[in-house]
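Modelling step: build the complete structure from the supplied sequences, incorporating the hints.
Chain by chain, the residues run as shown.
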Amino acid sequence: TQLLEQSPQFLSIQEGENLTVYCNSSSVFSSLQWYRQEPGEGPVLLVTVVTGGEVKKLKRLTFQFGDARKDSSLHITAAQPGDTGLYLCAGRTTSGTYKYIFGTGTRLKVLA
Amino acid sequence: DAGVIQSPRHEVTEMGQEVTLRCKPISGHDYLFWYRQTMMRGLELLIYFNNNVPIDDSGMPEDRFSAKMPNASFSTLKIQPSEPRDSAVYFCASSWDRVSRGYTFGSGTRLTVV
Numbered sequence: 001t002q003l004l005e006q007s008p009q010f011l012s013i014q015e016g017e018n019l020t021v022y023c024n025s026s027s028v029f030s031s032l033q034w035y036r037q038e039p040g041e042g043p044v045l046l047v048t049v050v051t052g053g054e055v056k057k058l059k060r061l062t063f064q065f066g067d068a069r070k071d072s073s074l075h076i077t078a079a080q081p082g083d084t085g086l087y088l089c090a091g092r093t094t095s096g097t098y099k100y101i102f103g104t105g106t107r108l109k110v111l112a
Numbered sequence: 113d114a115g116v117i118q119s120p121r122h123e124v125t126e127m128g129q130e131v132t133l134r135c136k137p138i139s140g141h142d143y144l145f146w147y148r149q150t151m152m153r154g155l156e157l158l159i160y161f162n163n164n165v166p167i168d169d170s171g172m173p174e175d176r177f178s179a180k181m182p183n184a185s186f187s188t189l190k191i192q193p194s195e196p197r198d199s200a201v202y203f204c205a206s207s208w209d210r211v212s213r214g215y216t217f218g219s220g221t222r223l224t225v226v
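Heads up: the protein sequence lines correspond to chains Y and V, in order.
Here the numbering used here is used: the first residue of the first sequence is 1, the next is one more, and so on.
Here the numbering used here is used: the first residue of the second sequence is 113, the next is one more, and so on.
Source of the hints: derived by calculation from the structure; they are not laboratory data.
Keep in mind that a hint or two might mislead.
Rough simulated footprint, nothing fancy, chain V against chain Y, three-plus residues with beta-carbon under 8 angstroms [stated by the list, open to error]: (1) 37-48; (2) 99-106.
Below 27 angstroms or equal to it, Euclidean Cα-Cα: the simulated DSS-like pairs (lysine-lysine) are [unchecked claim]: (3) Y:K59 / Y:K109; (4) Y:K99 / V:K136; (5) Y:K70 / Y:K59; (6) Y:K57 / Y:K109; (7) Y:K70 / Y:K56; (8) V:K190 / Y:K99; (9) V:K180 / Y:K99; (10) V:K136 / V:K190; (11) Y:K99 / Y:K70.
Even glycine gets a Cβ: it sits at the ideal position worked out from N, Cα and C.
Here it is in structure tokens:
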């Protein structure tokens, strides 16, 4: 069974601070995605990373895929209250089937 | 595009009753997924379809759960009989199989079994 562990589980920070969320596994993934979920809604895709070592930037968010494609990180610069939500990583299995396994989630709260 | 549409948004039922959750995927998407989300277990994949055919149902908890996709625009997830431990938010998602594409999720059905 492929598992994705995220850390930290909970994070509460002040507006303007920086933060990093981690997503780790002992398994290799062919691609990895990050989603953000707000209360009462489904997760919304932020980014997909495919190549080991790949870095993608989305405004104040920076995503990195580990060289061995087993881990990933999400860094937010100058966090804003609008960044509040549940952040989920999801890894695509390498078994040949098209399915993503979701991580345990990081619940972020940014205080104004 | 209206996105993935799920109904109902909320469902409260008594233990032992049959529950049917419904999903309309985005037109043109050839994959459909059913997930269940709880605080304890996070987001779990129950089953997914490709071109209306079930591909992987290894996440379906037990025989009380069944899912169908009679056509490209409609899917159901049925629980019969329902139990309190089935209480969760159930999400439907659809997608194309393109590496850069993610899943588009519906808003979910919050199921409470009392």
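These are the hints, each one checked on the structure:
With a threshold of 8 angstroms between beta carbons, the proposed coverage of the segment 37-48 of chain Y by chain V holds, since 7 of its residues qualify and at least three are required. Counting residues of the segment 99-106 of chain Y whose C-beta lies closer than 8 angstroms to any C-beta of chain V gives 7; at least three are required, and the coverage claim holds. Of the supplied pair hints, the one linking K59 of chain Y and K109 of chain Y holds, its CA atoms being roughly 19 angstroms apart against a limit of 27 angstroms. Taking the CA atoms of K99 of chain Y and K136 of chain V, the gap is near 19 angstroms; set against the 27 angstroms cutoff, the hint holds.
Among the hinted pairs, K70 of chain Y with K59 of chain Y is consistent with the structure: their alpha-carbon atoms are about 25 angstroms apart, no more than 27 angstroms. The hinted pair formed by K57 of chain Y and K109 of chain Y meets the criterion: a straight-line CA distance of about 21 angstroms does not exceed 27 angstroms. Note on K70 of chain Y and K56 of chain Y: the hinted pairing holds, with a Cα-Cα distance of about 17 angstroms set against a maximum of 27 angstroms. At roughly 21 angstroms between alpha-carbon atoms, K190 of chain V and K99 of chain Y fall within 27 angstroms of each other, so this suggested pair holds.
Simply put, K180 of chain V and K99 of chain Y have alpha-carbon atoms about 18 angstroms apart, close enough for the 27 angstroms limit, and the pair holds. Distance check on the hinted pair: K136 of chain V and K190 of chain V sit about 15 angstroms apart at the alpha-carbon level, within 27 angstroms; holds. As the CA atoms of K99 of chain Y and K70 of chain Y are separated by approximately 16 angstroms, the hinted pair is consistent with the 27 angstroms bound.
Against the hints set out earlier in the document, no violation occurs for any number.
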